[in-house]
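Residue numbers (the working numbering), protein chains in the order written: chain G, 43 to 624; chain F, 43 to 624.
Source of the hints: derived by calculation from the structure; they are not laboratory data.
Watch out, some of these pointers could steer you wrong.
Since copy identity is lost for identical chains, a pair holds within one copy or between any two.
Said to hold, decoys possible - Keeping only pairs whose Cα atoms sit at most 25 Å apart, straight-line, the calculated SDA-like set for lysine to any residue is:
| no. | residue 1 | residue 2 |
| --- | --- | --- |
| 1 | Lys551 | Leu150 |
| 2 | Lys126 | Gln621 |
| 3 | Lys73 | Asp269 |
| 4 | Lys107 | Thr534 |
| 5 | Lys421 | Gly348 |
| 6 | Lys454 | Phe380 |
| 7 | Lys129 | Gly456 |
| 8 | Lys149 | Pro533 |
| 9 | Lys305 | Leu200 |
Number of protein chains: 2
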Amino acid sequence: MLRTHTCGELRINDVNKTVTLTGWVQRLRDKGSLLWIDLRDRYGITQLFLEEGKSDAALMISARKLGREFVVRVTGIVAERLSKNDKIPTGAIEIKVDRIEVLNESKLPPFTIEDETDGGDDLRMTYRYLDLRRAPVRESLQLRHKMAQQTRIYLDSLNFIEVETPVLIKSTPEGARDFVVPSRIHHGEFYALPQSPQTFKQLLMVSGFDRYYQIVKCFRDEDLRADRQPEFTQIDCEMAFITQEDILSTFEGLVKHLFKSVKGIDIPPLPHMTYSDAMKFYGSDKPDTRFDMKFVELNDVIKGKGFQVFDGAELVVGISASGCAEYTRKQLDELTEFVKRPQIGAKGLVYIQCKADGSFKSSVDKFYSADDLKRVAEKMNAQPGDLVLILSGETNATRKQLNELRLLMGEKLGLRDKNKFSALWVLDFPLLEWNEETKRYHAMHHPFTSPKREDLSLLDTDPGKVRANAYDMVINGTEVGGGSIRIHDRPTQQLMFSKLGFTEEEAKKQFGFLMEAFEFGAPPHGGIAFGFDRLCSLFGGADSIRDFIAFPKNNAGRDMMIDTPSTISEEQLKELGIQVRP
Amino acid sequence: MLRTHTCGELRINDVNKTVTLTGWVQRLRDKGSLLWIDLRDRYGITQLFLEEGKSDAALMISARKLGREFVVRVTGIVAERLSKNDKIPTGAIEIKVDRIEVLNESKLPPFTIEDETDGGDDLRMTYRYLDLRRAPVRESLQLRHKMAQQTRIYLDSLNFIEVETPVLIKSTPEGARDFVVPSRIHHGEFYALPQSPQTFKQLLMVSGFDRYYQIVKCFRDEDLRADRQPEFTQIDCEMAFITQEDILSTFEGLVKHLFKSVKGIDIPPLPHMTYSDAMKFYGSDKPDTRFDMKFVELNDVIKGKGFQVFDGAELVVGISASGCAEYTRKQLDELTEFVKRPQIGAKGLVYIQCKADGSFKSSVDKFYSADDLKRVAEKMNAQPGDLVLILSGETNATRKQLNELRLLMGEKLGLRDKNKFSALWVLDFPLLEWNEETKRYHAMHHPFTSPKREDLSLLDTDPGKVRANAYDMVINGTEVGGGSIRIHDRPTQQLMFSKLGFTEEEAKKQFGFLMEAFEFGAPPHGGIAFGFDRLCSLFGGADSIRDFIAFPKNNAGRDMMIDTPSTISEEQLKELGIQVRP
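Take the sequences, apply the hints, and build the full model.
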């Protein structure tokens, strides 16, 4: 090694050692006769020290010429600092420099390499290799590394086998769009990149692998919304000879292990919540349970008082925001504006202020007496000082609107602390989901998910009511993982494909191999996949997954640094047997 | 879990326990009143036992109906076997069955699920999920899992950070062909799949990540030779602030760790051999050093005796095959035929039989006296009983031919034992390689490899002579890994591109980001990549990598099981802005 030590390891008991360090010049402080340099590497920062008169004159001159981000190799003696810095682990010492070798110079970086940088998103992405030098970004990727390590340690300990599944697979129109790869050898034919290794992991169960995992890249050619990446990473797992409870306890164990080993946090056992309860009490299948503020349905206490909006509504439902009774007119108007934004789509908002003196003030005072309001407040379990917020309308839409309002109020009340974690399982998802565009049912999870046996009879009469053996893990209002117990017999799988509108021919062309595999002794099996990028950002307390990916693409799917996608030569296209459409 | 135990864990001290097992019916032996069933899962085989009269009559009937590969769940009591089987860990016990539940039936598999199968390659690949049930294939993938685990344990312990690099990158014409991925959002533009994460790992060094690794899928669209896969896996590593020696010792450590932890073998320190010595003594840059049989150059003792073939040859070189002096005429003719095969291309083969009585017999007796032959034998250090085999011609071609002959003789003499391992480093590779087709120099390793400083002056005068800071690890005649110390400054990188025939514009378009990165404080760095599939097959003692990949493609790049590549819809093509050429 060109160094004897890293910039993060020297301590007071190393004093008087002769050491050689390598790293980047973070900062240079020149106080006339005294010169300090902060030398940085991945492991930390060590202070270098030179003194006019004591240090060699030529050395002083060359030290003064060092610019930010120069790469140097420095030899010197470890000395105790006069004024110690207890903010960094090396803060008790500095290096009295004897020799500086410039390993490489640096132009002035286009943005500052500091925790808070002045670089905008595009600039940071174009020079991602410089952005990655910043401590917060490096630490995010170190966290990711640790998450991957600990995931493997846990799964290895439970006899999971890591198996690599292929990246060049087959295009299947179900679900999101595939990225495709033209075959040069077979003109007119294409591979596709996997949206997940779903069928392969199921086949591994048919093969008797019993417990499989993989931390694996997946691909989805979707119109990119904020914080979606065309390539993303999953912790992908599957188990055979299990019940749903086995999957839930095994992967609850994984997440507990990660919290403990990576963050030193013991999280409580994960509550189980049905999808239908999640929708009823939170208006979302990924409830943020860091705070309570559950929905209370008010139809029975609020209808029939002549207020047409409520009387004509399918559902009247409220939340109670603790300590917000004294919201000003302006604040209340802002809440109304919020729910009326087109993305949310409520027609209006009714509020009841539960005053400290026990009185009530509401936006519907002319329809409701003080007693009426009191009855509502009681039903809401609202205390003096609370603010009750009520929406109404078609059930599903109203729940979704109130979910947004609940999250906003949680935010306003500081109840969504990024360093607090609340995890749960959401269970019993619907098997099918009606799609207004295509006018048919789609698989809510995917077509391999098994229906609950007791709901099978509804498949013909009321398909939307059939529940699946499907589950999501939700942390802080984010779905971090989801999975299901799979179908493992051909007749059920065939039935499922036909309910999803596949012709027999289509099903056979795309998934014939899987259905055939089910005829050769397929065991009961199920699994789960975690969104690894998202899980890392959640652990890192960040909103965006961007800094937990070393080289992310922007919202147009472009890598700004290497400038791709890009054109390829006509010769290359010819070889592949394709051409760009005019 | 549907089971209380696996099929691999019950022992004599479990006798009398009531247990539930799950697995596949491997075999059924029906001896009239007695019935044995071998139940198989990933963990082993357990014998089930039923007895007419003692077992329930209905149970006997249903047990007799079980077919091979049926999936069952069995409950019973562990009992000591009368005749124990010491070949399997569960051989001391059997299960007296009380209950059998068929979890799934199985059609008759298209080939037998045994260690030696009757299935041909195509059939095995079409039903890969059944092939994967066979113990040798499953064990190969378990070995791979262990190799990956131990690789990570070793590198994690040395502070390497695992960083995922992107899969959707940019096409670069240097090297093999890229697979490309049309962009739907940017019509006419393409991503490419990485042949290696080379530039990204170098950028991570520029970013200060210091030590990087990744077990990563790479892609190469080459005409597939036997045992090449379009997608393959590398252990990819890079280190900063190092010398070549640091890389060699770190990764010698990795391979030692793998041998020790996976196979329980202590391998000796790896010898270092220069490329030029490897070519001179073995005729190959990947010498199989499990056996000696080194080349001996004979120009000085064999020329000038009137044998035109040798006198006119640039090089006359031989090997001595121990104990082969008594090869018959037929055997000697076969060796001659072997070297004259068009793939090898020698014009002929000269032999000298060193008889046990001290006499010599050669195929060139009319040109060489007994004394002449004795002198050759002495130079060869051939002993009585040995067979000297001599080739001649242009130096490089002759060495390559003799390499093939040496390997064949090693094979014949049983010196290439798959359970013996001989590893070494080959160093000082040439930087450039002349390509007859393109009539220009190509990078032997890749364009980012640094030339040896002391050879830099040859770059203009004799480019083929410039040596690189490049190294390969070779085990048993197979290159398992290779790497180099990289260029880390813009001027040298630019010089290199220009020597490789890149115009300035081309270099900038393809690698501008890397050259720019070198101007912002790039540290000295270098790295290595191991071919993981090959390394696993070597550890597994197999010739082919096929069974160390769960779902491999055939030699035409086709996945026989899922049947891909395949056509995609016109609609999909339209969306991607491409069309298939007529």
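Violating hint indices (sorted, rising): 2, 3, 7
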